[in-house]
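Colleague: Sequence:
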Amino acid sequence: ALEGGTLRTGSACSATASSGQLATGFLAEGPGSRIECGPEGIAMDCATGFLAETGGCVVLGALSGAQGCTHGFSASDAGSSLSIGAGCTASDHKVASFLAVGGGKIAIGHGAVSKGNRHAAMATG
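As numbered in the numbering used here, residues 114 to 238 make up the sequence shown, in order.
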């Protein structure tokens, strides 16, 4: 979702990097941009699984997951927010499961699990 757009997905939607090309699984970029994922959404083998950037907003349903990415869940820049439902999982990321940077905000629901990652959570700048 870009430049004020909205994207809503049903349950169990997935995003996987193809052909070895790293990309963002689910991206809301720019003020007013919003992604709403139903329960059990997953992003695998992406640069960033779920990303709210430059004022975007990502809202994830329960039991969402990110696996094998550089960063699993990230909010970057002031005004960006990422809300993760209960029971989310983040596993086998190269750097961090949860990354808030440059004023981005992340709210993680109860029962979150982070395993096999270099850092479980990072907040910078």
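Don't take every hint at face value.
As the list claims (entries may be wrong) - In silico lysine-lysine, DSS-like type, Cα no more than 30 Å apart, as pairs:
{"hint": "1", "residue 1": "218", "residue 2": "207"}
{"hint": "2", "residue 1": "218", "residue 2": "228"}
{"hint": "3", "residue 1": "228", "residue 2": "207"}
Calculated from the structure, these hints are not laboratory results.
Computed from a predicted model, the values in this text were never measured in an experiment.
Colleague: All hints, please: hold or fail.
Modeller: Here is what the structure says about each hint:
no., hint, in the structure
1, 218 to 207, "21 Å, holds"
2, 218 to 228, "21 Å, holds"
3, 228 to 207, "11 Å, holds"
The structure shown violates none of the earlier numbered hints.
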